[in-house]
Every structure is written in structure tokens, then in C-alpha cells.
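Undergrad: Those protein sequences? They're chains U and V, same order as listed. Residues 1 to 495 (the numbering used here) are what the first sequence spells out, left to right. Residues 1001 to 1362 (the numbering used here) are what the second sequence spells out, left to right.
Any given hint might turn out to be false.
[Claimed, not checked] Here are the in silico distance ranges between beta carbons for each label pair:
(1) V:F1123 - U:M194: 49 to 55 Å
(2) V:Q1247 - U:L338: 35 to 41 Å
(3) V:L1308 - U:P311: 55 to 61 Å
(4) U:T47 - V:Y1135: 33 to 39 Å
(5) V:H1300 - U:E188: 54 to 60 Å
(6) V:H1300 - U:F272: 54 to 60 Å
(7) V:L1308 - U:L338: 55 to 61 Å
(8) V:F1123 - U:N316: 55 to 61 Å
(9) U:F272 - V:F1312: 27 to 33 Å
(10) U:F408 - V:D1119: 44 to 50 Å
Just so you know, these hints were derived from the structure itself, not from any lab. Only a predicted model underlies this, so the values are computations on that prediction, with no experimental measurement involved. Every residue gets a Cβ at the ideal spot worked out from N, C-alpha and C, and that includes glycine.
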Amino acid sequence: MRWLFKQQKKEGKKAETEQYLKKSQDYTQVSYINQVTNKKFTISFITTLIDESILQNDALPFLLEKPLENIEDVKKIVAIADVQISNDESEIEQKLFNGYVLVTLESDNSNFAFLAAQKEIVRNITTPEIEFSVIGPKEAFVESLDQNINLLRKRLPVKELIKKEVTLGTISKTKVAILYLENIANPENVQTLMERIKNVEFDAITDSSYIVQLISDNKNSPFPQLLDTERPDRVAAVLAEGKIAIIVDGSPHALITPTTLVEFFSSFEDYFLNWILSSFFRLIRLFAVAFSILITPIYVATLSYHYELIPKDLLNTLVTSRREIPLPPILEALFLELTIELLREAGARLPTKVGQTIGIVGGIVIGTASVEAGLTSNVLLIIVALAALASFTTPVYKMGNAIRLLRFPFLLFAELWGLLGILICFSFLLTHLIRLTSLNRPFLEPLFPPRVTDMKDALIRLPFNKQSRRPQFMRTKFPFRHTSGTNNQNKDIDE
Amino acid sequence: MEQLVPEKGKISPFLVFFLLHTMQVGIGVLGFQRIIAKYAGYDAWISVLVTGLSIHIILWMMYKIGETTNGDMLSAHTFVFGKKLGKILTFPFIFYFTLVAVTILRTFIEVIQVWMFPDLNTFWYSLAYCILAIYIIFGGFRTVAGIAFFGVILPLYLNFIFLFTLPYTDFKNLLPIFDHSVKDLLMSGYKMSLTYLGYEILLFLYPYIKDPQRSKKWAHLGILYTTFLYTLITIITFAYFSEGQLQKHVWPTLTMWKAVHMPFVERFEYIGIANWNIIILPNFCIALWCASRLLKRVVHLKQKKGILLISFACLIAINFFKTREQINKLGDYTGLIAFFLNFGYIPFLFCLVLLVKKVKKK
Chain U
1 MRWLFKQQKK EGKKAETEQY LKKSQDYTQV SYINQVTNKK FTISFITTLI DESILQNDAL
61 PFLLEKPLEN IEDVKKIVAI ADVQISNDES EIEQKLFNGY VLVTLESDNS NFAFLAAQKE
121 IVRNITTPEI EFSVIGPKEA FVESLDQNIN LLRKRLPVKE LIKKEVTLGT ISKTKVAILY
181 LENIANPENV QTLMERIKNV EFDAITDSSY IVQLISDNKN SPFPQLLDTE RPDRVAAVLA
241 EGKIAIIVDG SPHALITPTT LVEFFSSFED YFLNWILSSF FRLIRLFAVA FSILITPIYV
301 ATLSYHYELI PKDLLNTLVT SRREIPLPPI LEALFLELTI ELLREAGARL PTKVGQTIGI
361 VGGIVIGTAS VEAGLTSNVL LIIVALAALA SFTTPVYKMG NAIRLLRFPF LLFAELWGLL
421 GILICFSFLL THLIRLTSLN RPFLEPLFPP RVTDMKDALI RLPFNKQSRR PQFMRTKFPF
481 RHTSGTNNQN KDIDE
Chain V
1001 MEQLVPEKGK ISPFLVFFLL HTMQVGIGVL GFQRIIAKYA GYDAWISVLV TGLSIHIILW
1061 MMYKIGETTN GDMLSAHTFV FGKKLGKILT FPFIFYFTLV AVTILRTFIE VIQVWMFPDL
1121 NTFWYSLAYC ILAIYIIFGG FRTVAGIAFF GVILPLYLNF IFLFTLPYTD FKNLLPIFDH
1181 SVKDLLMSGY KMSLTYLGYE ILLFLYPYIK DPQRSKKWAH LGILYTTFLY TLITIITFAY
1241 FSEGQLQKHV WPTLTMWKAV HMPFVERFEY IGIANWNIII LPNFCIALWC ASRLLKRVVH
1301 LKQKKGILLI SFACLIAINF FKTREQINKL GDYTGLIAFF LNFGYIPFLF CLVLLVKKVK
1361 KK
């Protein structure tokens, strides 16, 4: 009795699904008769999701002309590799929406077959736009999950590269893949990440940035705690370090975790250059970031409180440029900083060509006009423009955004207590960074907790043969990258 | 003995170097030279060196206490005096560390008020400092250690600033050596010991060290580094000022920074004082942390609540010290208490611990 009830419920499910599907006009259901056995069969599919040439060339001719006695025969006769036989009616909805064709026999109501006939609309692989590099590979991720994993598998063709897949989002049913190297990655990290991802509850996940915000350690921090990248080569390189990658279907940005603050300031191009050059560029970048955050607040602090700091000759220049300005330094600085933010925001929202024009109009016309009108001093204009320029040197866009925001609290503290205020604000920032973690691993490592081994690829990058160990903070299963360099004999001249 | 601290809250042994060193270096560095020179003249650098080296004995005692009782001050007290009396004896230390925190912050604000902002509001600045300290301590001891680490590393460049004074120095000022009596030297050593204070925190953070045996080396190095730094600063100061001139400066270190001239910066002491923020911050935090930690250990008040309570007390107390004399007195009394604690009570406790250990063995 109970069994019968279950059966009825199942059948009800199929009928219910069909009823829903029929409301959509791209749902098709056609019946045919097999020419050998005279059995009647029905195929149903969603036209927008399947490739009709597969159906017409590899499935229908065989279904019509080859002997079809029962549902198992479908597997033997059609020329499609992915054919699944099932009796679970709850699968129907999911399969149809994944681009399968449903085949049912009139004589057999409980079993049915699914034929894979997905239409793959894939954007061509293009060059990276945000993380462009002059040298090195020019491939970037696209929106298709399979394509992205293909790019990674080609770079790491080993069986240890494990892919786990989770479907997230009650409505969007987004496929999220987690990739790691089984023999290197710390299982504890994988475990933590899997748990966090499984606990995600949201209706529609349309991009990897959603995942970033949903699984971050500290969700109230302006700093991104997962590194996002569009370069498959970068993901492959960090997978080999023992990190874990997350790829979200429909997003051209892969996520990397656990990550550290210094990683956000390393461009992947650093690894293509000689270590001396790349170390130099890294230091320049770090200096640029510090400059970008601090220079306007220092201007406000010195001109509001500590003009004694400036030597006589330099003070002359500053005073001359500020003589006509009616505003106190803080208002002057806020006005210019906000103008720059406006230009940036407008430039980002507008189409490329118009955006460039806005940049020129804004940068040159507004800048010059406001100096001539006596609203701002030209020294400050130079400072603010340089600071804006410096903030663009961060290789990761999301970190650049965080840095844009940071200078405003610094400005307020500078106005409040001058240099002391800047130092207090800096202490707050430092504390925040010390407290941050990424996948429970310290975010500020290797600066704090200080680890000498990891310093080799942090502020500077030492040559590859000196980097025999994987980053320590992740506690990888196998900490050695290579064992060369151990037989370094001391050779004398001309030996 | 039960585990006092979970494993993940502990810190690497070498961070003890930074914790001890940063706690020792505070506001005292700005003005100790005048006080010690008052007693032993320009032989005072010998006192600086000898006092610094004598601290290693106290440090050795503290490690012995820690090893024997395998815990902090309360464990030591419980070991010697039993549970109830141990708690009662530990209780005053809460006040001691609150007092230390108030002294540190108030003296620093005084320096700011004298050199930079005559009308800086003590209350608001202390409030900002307290909020910062609370934010740090809420991050756990690991964060406190982090601030201590950066509190040593970031201002390192200040040491090189003394190079600017070298053209104006005359090292013949130091001659002749040994023209003061031993009593003078001892007196100046006593005054110097106040500048060295702070290493007693080891007894309170001992359970937080991952491998105490390995941290010994770092603790001794930390104190050695402080001694080295102080001796160097003393010698440079004595070479820079003449003996009579030195007595006229309350904060000779700041005056020396005035010698710095760069194409884009003058009056370097402004930057120096602003930077001193980062040096004072770990001191203040560690003192507050110790007080709130003891509060938790003794009366089982949650540390989160304890820290709020103590910083509130600090905020109120700090308003009572307004004039130069009051602040001076505050510093003198805190120094006196700390001196007896370090050179009197700790050796005393050390002997007691050894005695009780022997008795218990029998």
C-alpha cells in the first residue's frame, strides 16, 4: 500500500513538472514511432538549452531506424556518449535545465533516458584585461566553468589535482568548483573551506564576488580576504604552492585562498622578470600605496598644525601657493579628493571612449580652473593627482578600492590631531590587519607573525632556486618545492 | 597542573624579545639622561650598563619561578601561600598595572602638551588611545604581541637619527672616567632602574609562551638590546651636551633631535614624538592586558568586561593629574612601587618558591 502511495507521488511529480514546463514556450515535446519495432516514444527538451544538430544527427535517426525494444536499448543505438537511464522522476527538472533530452517509451512509464545535448555558448578566450602583463601567457578565464577547469588541467596535468563541485543558490543553482592538489594542500584548509561553502545560503549567486563576501573571515572589513584573479597561470602557480582555488560557473574570476596582504601587491608579472627587477617593482608598488594613503593627510597635518616642520625655502613655495585660498587645508583636500573620486567613478561607469574624454575634461579643465579660481593650491593639486596615480599601481583591483577608501579616515584624524592623529589612525589600521585572517590563517603573514622563510617572496622576491620551501603559513603537507641548492659547494675562482 | 591557555592563543618564543624590549622602552628614554647625570655626573653611563646587566639576574629568577609553578603570578602565589591568600596577594597587582597604564599615558600626553599641542585635550586623546587599546586586546594576546612587534620594528629608524648629532659631539666630555664614588654610581643606578622597568610582565605572560625554555634566550637578548641602546644613547647625549647644559633640559633626547636637518624636514622632534605613539601604544596595551587578565584570574570577571572596566577607570583617573608637579609625583611613586616590586618582592618570592619546593619534595 505504502509502495503504491510512493509510486503515485512520484508520478505526480513528473506530471507537475510537465505542467510547469508547458507554460514556457521553449519547452518541446514530440512523439515518434520506431520504424522497426513500432514502439511509440516521446522526446522532450528545452529548445534554448540544447544543440539541435546533436539531436538531429546523432540521436533521432538512430532512435527511428534502429530496433528499440526497451529503454536500455537507447544506450546501444544512439551515437551519444553521455546517456543516462533513470527511474527517479525528481531528476527530470534538473536534467532538462542542464541541457539534456528526455526520452520516454510509451510502454515503460517508470524508466526513462537522458541524452546529453547541451548547447555550449562560450566566449572566446581573450587576453586578461585587469591583470594584463606584457610578457607571459595571454589567456584569461571566461564565464564557462568547464572551459576554465580545462585551462587549469592543461597547466597541471597530474592526478593529484582534485576537483570538488558544489551547487549553491536556491534559485541560481550555480556550480562552484573547488580545486586543490591533494598531495600538497593542507587538508585542514580544504575541510574549513568546504564547510564554509556548504553553509552558504543565498538565492542567486551570479559571480565569484558573492562567494568572497559570503565566506570571508571578517565580513566587515574593507580588505578582500580572498584573492581574485583572471589569470589561469596565476591560479596554477598558487595551486602548486598549496593554496586552494574556487571557480564559480558564470564568473571569469577565480578565487584563491588562503591569501596574505602582500600577495595583493604582487603582480603576477613579477614572476616572469628577473628577481632583482621584480623586487624593485614590488618595493615601488608598496611605496606607492603608502604614499597614496598618507600624502594628503600629511599635507593637511603639516599645514594645519606643524608648519615648523617644513624648511624655510620649501615653506615659501607652499605659502605662496596657498596665499589666495580662502579654505582651510582640510576642506581644500576633501574638495580635491572627492573630485578625483567623482572622476574615477564616472570614468568606470561610462563606455571607454566617453570615459577617456571625461578623464581629460575632469583632470585638466577642472584642475586648472579650480586653481585659477583660487579654490585649491596647485601644490595640493599635484599631491592629490600623484596620490591617485599611485593608488592605481595595486595589481589587484579590489585592493585598490580598499585603498581609495582608506585615505578619508586618515584625513579626518589628520585634521583632528595632526601627525599624532595620523599615527593613531595608522595604529587602528595596523591592529585591524593583525586581527584579520584568511581561512583562519594570519592575513599579515609573513610580516606578523614574522617568518623569515616566507619573506623570500613577500616584500621582495628572491630567485627561484633560493625558494625551496612552500609558504609556511599554510602548513602544507609537503613543504619542499625542490631540493636543488643543497649541494652548493664553495668554489674558488677559476676552479 | 591544568592548561591555563589554549594552544592557539600562545605566541612563538622569539616574540618575548619584542614584548620585553618594548615594555622597557617607553617615555623614560626621552629624559633619563639628566636625572642620572645629576648623581654620578658623566660617569653615569657605567651605572646604565651595570644596572642593565643586573636585570638578567632578576630575569633568571622570574624564569625559575615560572618553571617551578608552571604558570603566572597567581600560580606562584597559590604555590607558596595557598589558594585564598594567593588571590588576596595577587589582587594589588591589578591596581599596580592600572597605575602603570595611567602613568605611561599621562606622561606621554604631557610631552605632547609641552612640545606640540599646548592645549591638547587630555580626555579626548586618552579616549582615542583607550578605544585603540580595547580594539587591540579584544584581538587576543596574539594581537598584543603583534603591536609589540611593530612597536619595535617600525620606529627602528629613529636609532639612526642619532647619527645626525655626531658632528656636534665631543667624546672628551666623558673623561675622566671613575671620578665619582661608588655611592654616587649606585644612586644613579637606582634612578636608572626606573627607566629599565617593565620586564616584570614576564611573570604574567609566562603561560602564553609556547616553549618557555626556548624563549629564555630571546628574553635575555631583549634586555641586552635595551641595555645596549640605553648605554649608546647615554654616551651620545653626554658627548652632545656639556654637563651644565644637560641639567637645563628635561627631555634631552628630544632636544638632540633638533640637530636634524634635511632638505624637506626641520624640527624633527615633531615626527619623533608622533612616532612615539607607536612605542607607547604596546606599553599601554600590555599594562591594560595584564590588569584585565589578572582580574579574570582572581575574580573570574570576563576579560572583555574587565578591559572595559579598567580602561574606564584609567580614563577617569587620568583627568586628576593636571600640573607638572602632579605628573612628576605620579611618575615618582609608580617608579618607587615598581622598584620595590622588581628588586625586592621578586627575589623574595623567588626564595619562597624555592623553599616551598624543597619542603614539598620532602
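Undergrad: Does the structure break any of the earlier hints, and which numbers would those be?
TA: 2, 3, 4, 5, 7, 8, 9 and 10
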